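Q: Residue-level listing of the chains:
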Amino acid sequence: MSAAIHISGLRKEYPTPGGGTVIALAGLDLDIASGELFGLLGPNGAGKSTTIGILTTRIRPTAGSAVVAGADVRRSSVAVRQRIGVVPQRANPDLSLTALENLVFHAGYFGIPRVAATARAHTLMGTLGIADKMRARVGELSGGQQQRLMIARALIHEPRVIFLDEPTVGLDPQARLGLWEILRSLHADGRTIVMTTHYMEEADQLCDRLAIIDHGALLALDTPVALKARVPGGGTLDELFISLTGRELD
Amino acid sequence: MRRDVRVLRRELPFFLLRTVMQPLLFIVVFGYMLPRMGFVRGEYTTALLPGVIAVSLTLSAVQSVALPMVQDFGHTKEIEDRLLAPIPIPLVAVEKMVMGVLQGIIAALVVLPAGRLIMGPIAGLTLGHAGTALAVTILGAATFSAIGLWLGSAIGATQIGLMFSIIVAPMIFFGCAYYPWRGLDPIPIAKYAVLVNPLVYVAEGMRAVLTPEMPHMPLAAVVGALVLLLAGFSALAIRSFLRRAIG
Ligand SMILES: Nc1ncnc2c1ncn2[C@@H]1O[C@H](COP(=O)(O)OP(=O)(O)O)[C@@H](O)[C@H]1O
Ligand SMILES: [Mg+2]
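Top line first, the protein sequences correspond to chains H and C. Just so it is clear: in the first sequence, position 109 is 109 by the working numbering, and no numbers are missing. Just so it is clear: in the second sequence, position 190 is 190 by the working numbering, and no numbers are missing.
Derived from the structure by calculation, the hints contain no laboratory data. Hints may be right or wrong, so weigh each one.
[Said to hold, decoys possible] Here are the simulated SDA-like pairs of lysine to any residue, each with C-alpha atoms no more than 20 Å apart in a straight line:
1) C:77 <-> H:92
2) C:77 <-> H:205
3) C:77 <-> H:116
4) C:77 <-> H:170
5) C:77 <-> H:173
6) C:77 <-> H:9
7) C:77 <-> H:72
8) C:77 <-> H:140
9) C:191 <-> C:159
10) C:77 <-> H:214
Model, not experiment: these values are computed from the prediction.
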């Protein structure tokens, strides 16, 4: 399998108001294969969103390079955006539009004609169980429904690589299982999926491979099974995390 | 772009209310009531109308760009979906400015006939230079859209209200909107001090094309100044937009 994402020496420093810097990523190296369902696992502040932000061209790296779907995030950011779909950590629908318009306009940015986009939006909203909200202003949607709208938006232009930043935070257990199903079927479709999470169980059940990161550095990278096997006597990801960092997740 | 047009169409009544209200009140009081009460001379309306048009078109341009932008960047992050579109990020900024220009033109097109209607016949008003008038409108609206983009992306949500009251109000009152620039001849300090105010050029430009009989700033000076201001503020605005848009 070819690499969908190649990250090398990725570093990000944020300036602090006091004039210092926060190191969000301390030189990350990572390769994600095409078709993989890949999880970035780490506690709050580990640098997960920063990594996603750089890979989706929304954050400029301080140093290092990243290639996504064959395009460099710095030099060819337009090409990267053409090939990816993004579900942000916090739903950011266009509140002035209806749910359907959100999807159709977004598809329009990718040059998908209105008729085709509308048809695809209908299908997606059906699959995601929000078909009845099509003509509703987005403000009338619940948090979970908005989250699903964000997923539909990320998929409307049929991107090769899909990024989801903590997609199941704030979903009830049933909606979370529903989302897992959607991700599995996208995975079966052959898309590359990169998701972040701080739920061990989710990472364990869903992902082909996991990168455990903390303080902007890679601590471990393997399949969930292999990672768990690293714990003496075979344990859980939680136990592995404690043995790697000396503390619990969360 | 089409997204913004759709939103604009839906919110047009509110938009008009917000931006055209103040100028229309000015027209009623100073353009209708005072002349009839005999406090100001009839030809004051000749000086007033172009100025009021200038105020409406610049205000609507600056507001329509700055206010949603502050929200977008501050709270709702709605603009994110456009920042994920496969186009260069500066184009997103340019699109916002184009929308500002469009709203400036709409405001001018509403205030001109409304003003004429309320004030009655206006000495020296001519539509003979409609093409030039449109050009000045676009140039003025573009300059103020750039200012709006700059304010909107450089200033946080908490300060934008304050910003508007400490910048916009003085700008309007020292903007030669409610009096012609040449009227400042007796006060040379004021006459030259107001030249830092971009609104002066829009107001005088409007006078040059709508009421050319009245003494006004030369059109060439107006256009030159606006082109320079537009270039300067655009550069500033796009820089601060980029800084804000990409982390
Ligand atoms: N815009 C920002 N400005 C300053 N510091 C930031 C910014 N975004 C993130 N950080 C800091 O960078 C680190 C990593 O953050 P983030 O990537 O959001 O982590 P995660 O998504 O894993 O919770 C944290 O210490 C956070 O405080
Ligand atoms: Mg995060």
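Q: Each of the hints needs a verdict: does it hold here or not?
A: Do the hints match the structure? See the list:
A hinted pair counts as satisfied when its Cα atoms are at most 20 Å apart, and residue 77 (chain C) with residue 92 (chain H) qualifies at roughly 6 Å. Distance hint between residue 77 (chain C) and residue 205 (chain H) is unfulfilled; the C-alpha atoms sit about 32 Å from each other, more than 20 Å. Proposed proximity of residue 77 (chain C) and residue 116 (chain H) is contradicted: the alpha carbons are some 27 Å apart, above 20 Å. Taking the CA atoms of residue 77 (chain C) and residue 170 (chain H), the gap is near 18 Å; set against the 20 Å cutoff, the hint holds.
Taking the CA atoms of residue 77 (chain C) and residue 173 (chain H), the gap is about 27 Å. The hint is violated against a cut of 20 Å. Between residue 77 (chain C) and residue 9 (chain H), the direct Cα distance comes to roughly 29 Å. Violation of the 20 Å bound is thereby established for this hinted pair. Restraint check for residue 77 (chain C) and residue 72 (chain H): the C-alpha separation of about 25 Å exceeds 20 Å, so the hint is violated. For the given pair, residue 77 (chain C) sits about 18 Å from residue 140 (chain H) by alpha-carbon distance, which is consistent with the 20 Å threshold.
About 30 Å separates the Cα atoms of residue 191 (chain C) and residue 159 (chain C), which puts this hinted pair outside 20 Å; it is violated. Under the criterion of a C-alpha separation no larger than 20 Å, the hint pairing residue 77 (chain C) with residue 214 (chain H) is inconsistent with the structure, at around 27 Å.
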